[in-house]
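Please put together the full structure from these sequences, using the hints given.
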Amino acid sequence: MSTVATSQIKLTPERHHASVRSRLQDALPKIVLAPSFAITIVFVYGFILWTIYLSFTNSKTFPSYVITGSRAYQRLWGWTFDTDPPSSWYTSITNMGIFGFLYIFICLALGLFLAILLDQKIRGEGVLRPIYLYPMALSFIVTGVAWKWFLDPGLGLEQTLHQWGWTSFHFDWIKNKDFVIYTVVIAGVWQASGFIMAMFLAGLRGIDGEIMKAAQIDGATTFQLYRRIVIPLLRPIFLSAFIVLAHLAIKSYDLVVALTSGGPGGSAWLPSNFMYEYTFKRNEMAVGSASAVIMLMTIVAIIVPYLYSELREKPR
Amino acid sequence: MSAVTTPARQASGGVNVKVINRIVIYGLLALFALFYLMPLFVMLVTSFKTMDEIQNGNMLALPKAPTFDPWLKAWGETCVGLTCAGIKGYFWNSIKMVVPAVLISTMLGALNGYVLTKWRFRGATLVFGLMLFACFIPFQSVLLPMATILGSVGRFGVTLQNSIGTSFGLGNSTVNLVFVHVVYGIGFTTLFFRNYYEAFPTELVKAAQVDGASFFQIFRRIMLPNSMPIFVVTVIYQFTNIWNDFLFASAYAGTGDSMPMTVALNNVVNTSTGVVEYNVNMAAAMIAALPTLLVYVLAGRYFVRGLMAGAVKG
Numbered sequence: 001m002s003t004v005a006t007s008q009i010k011l012t013p014e015r016h017h018a019s020v021r022s023r024l025q026d027a028l029p030k031i032v033l034a035p036s037f038a039i040t041i042v043f044v045y046g047f048i049l050w051t052i053y054l055s056f057t058n059s060k061t062f063p064s065y066v067i068t069g070s071r072a073y074q075r076l077w078g079w080t081f082d083t084d085p086p087s088s089w090y091t092s093i094t095n096m097g098i099f100g101f102l103y104i105f106i107c108l109a110l111g112l113f114l115a116i117l118l119d120q121k122i123r124g125e126g127v128l129r130p131i132y133l134y135p136m137a138l139s140f141i142v143t144g145v146a147w148k149w150f151l152d153p154g155l156g157l158e159q160t161l162h163q164w165g166w167t168s169f170h171f172d173w174i175k176n177k178d179f180v181i182y183t184v185v186i187a188g189v190w191q192a193s194g195f196i197m198a199m200f201l202a203g204l205r206g207i208d209g210e211i212m213k214a215a216q217i218d219g220a221t222t223f224q225l226y227r228r229i230v231i232p233l234l235r236p237i238f239l240s241a242f243i244v245l246a247h248l249a250i251k252s253y254d255l256v257v258a259l260t261s262g263g264p265g266g267s268a269w270l271p272s273n274f275m276y277e278y279t280f281k282r283n284e285m286a287v288g289s290a291s292a293v294i295m296l297m298t299i300v301a302i303i304v305p306y307l308y309s310e311l312r313e314k315p316r
Numbered sequence: 317m318s319a320v321t322t323p324a325r326q327a328s329g330g331v332n333v334k335v336i337n338r339i340v341i342y343g344l345l346a347l348f349a350l351f352y353l354m355p356l357f358v359m360l361v362t363s364f365k366t367m368d369e370i371q372n373g374n375m376l377a378l379p380k381a382p383t384f385d386p387w388l389k390a391w392g393e394t395c396v397g398l399t400c401a402g403i404k405g406y407f408w409n410s411i412k413m414v415v416p417a418v419l420i421s422t423m424l425g426a427l428n429g430y431v432l433t434k435w436r437f438r439g440a441t442l443v444f445g446l447m448l449f450a451c452f453i454p455f456q457s458v459l460l461p462m463a464t465i466l467g468s469v470g471r472f473g474v475t476l477q478n479s480i481g482t483s484f485g486l487g488n489s490t491v492n493l494v495f496v497h498v499v500y501g502i503g504f505t506t507l508f509f510r511n512y513y514e515a516f517p518t519e520l521v522k523a524a525q526v527d528g529a530s531f532f533q534i535f536r537r538i539m540l541p542n543s544m545p546i547f548v549v550t551v552i553y554q555f556t557n558i559w560n561d562f563l564f565a566s567a568y569a570g571t572g573d574s575m576p577m578t579v580a581l582n583n584v585v586n587t588s589t590g591v592v593e594y595n596v597n598m599a600a601a602m603i604a605a606l607p608t609l610l611v612y613v614l615a616g617r618y619f620v621r622g623l624m625a626g627a628v629k630g
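Chains as they are written, first to last, in the numbering used here: chain U, 1 to 316; chain E, 317 to 630.
In silico DSSO-like pairs for lysine-lysine, Cα to Cα no more than 30 Å straight-line: (1) U/Lys251 to U/Lys60; (2) U/Lys30 to E/Lys522; (3) E/Lys389 to E/Lys412; (4) E/Lys404 to U/Lys281; (5) U/Lys251 to U/Lys281; (6) E/Lys380 to E/Lys404; (7) E/Lys412 to U/Lys281; (8) U/Lys251 to E/Lys412; (9) U/Lys60 to U/Lys281; (10) U/Lys121 to E/Lys334; (11) U/Lys175 to U/Lys281; (12) E/Lys389 to E/Lys404; (13) U/Lys177 to U/Lys60; (14) U/Lys175 to U/Lys251; (15) U/Lys251 to U/Lys177; (16) E/Lys334 to U/Lys213; (17) U/Lys213 to U/Lys121; (18) U/Lys177 to U/Lys281.
If you are wondering where the hints come from, they were derived from the structure by calculation, not from laboratory data.
All values derive from a computational prediction rather than experimental measurement.
Okay, here's the thing in structure tokens:
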């Protein structure tokens, strides 16, 4: 694309006696962009470096700026499962693994399933779609209040089913340190799957109808049509949805706080909760910073290749 | 194209199969609708029940004698920490934080998008890439330095207050949160406007330049009047995100009278003194949800478009 700036040079021949005013005019776009860019450099990249720096000090309650090496990282990884309960960091990353895998997998599967169902010329689609999607518009601090209640054995689902006569029903995951993370998965899926559905639905609507018709004429069944043709065509959506979900999963914080307040003995913690607790409540600033750096690295590993390809692909 | 109906050949298989198919599809869709609606439904009905009815009744039952008292109590009397003046003050805190933060970040995003698409310069893609990546970082990696800076600014504000009688808002929690949300929101707003202006005909901008229009004149007379849809998308997206934010709010305004709504709600719900008043909790949660819910009901289409723009096209 030919830039506007060059055409301006051609149009204004008197530019060579560049007065201060016209030079200012030329620089104006950059001047307008500069504050935002400076803010990003300082408050995002500068702060990231600051956090990395702190993770190599022995900061406790207050930041200390004496480098003491990788002690914080050694402490993080040096804690083991052998202690009972397992160290908070291992609990957090194990939870992250369980939560991340199930959350991404179920959201993708459920989102695709709902999108395909909704794509069958459904009457009332306009009503159903917003119902599936609204959890994304509300803070989980809000909806968590209802979920917490619903999952509480003494009040919610268990109690309700007992009242309806199914007295042997037992559902106390939210109070059980081995199962509490699965309640976080349920709530997380509830919140994000509708959005993933919308992404897939947009993808389905973008598929060329001719391809579908051709396949139908060739005698493909609906199931074959979806498996062999539609789902492969949705590959870019799978990638975008995966990126969105992975990034949401790593950032999940309110989910755990609102639903479980951390769970029994911190058993529902994710790395984000670990970071917050260690930095602001347990006065282990260096350890908290180290955990933040590890979270950041995970995101970088997922996002940077994606952004790079997205920005490069665009035709100039 | 939209739907893929069962192939025509199957029609010979009988109308029955088709009918059963439709019943199964509608049944599943309805079932999932119930799953998604359940928490909101429980919140809504519980907020209109008396405590008596909650303890003896069914969670899913409609209130037998609907009462508005829990809402009034949540708004004006319930205890947040040690102060028992309801959540109304915190609701206004959130409003005071959201409005400036949304306006400033949206305006900056519009200007940035305009520069990045219509006044390209060498390195523009890199600048954009750096701003874009900022959208994706886990905020934990900037949380602590920001807390340190805000702390120093706050102390400076106190010094100013003592020496010249005004702190210029330095150290004020609401001002701090506005700043934080603008800083970490411009990545998104820039992304939205950049992608929108990318498709805007550059010829128009060039023609205006030939006519001698200046940088800001072009922005005001040509870009802005044509930006209504993306403004709606951006404002809704930012409003929802900032209103719902919990991490920054609890880190930088986690105590005292300046808490935003989300933090106050979390305190109300987790206060464990005396009998837990579930109806009041649910009413408080509903009040906290109302602004975003209202925006979603009125302009859900634009909200979804914003989510997609933030997700699909990096």
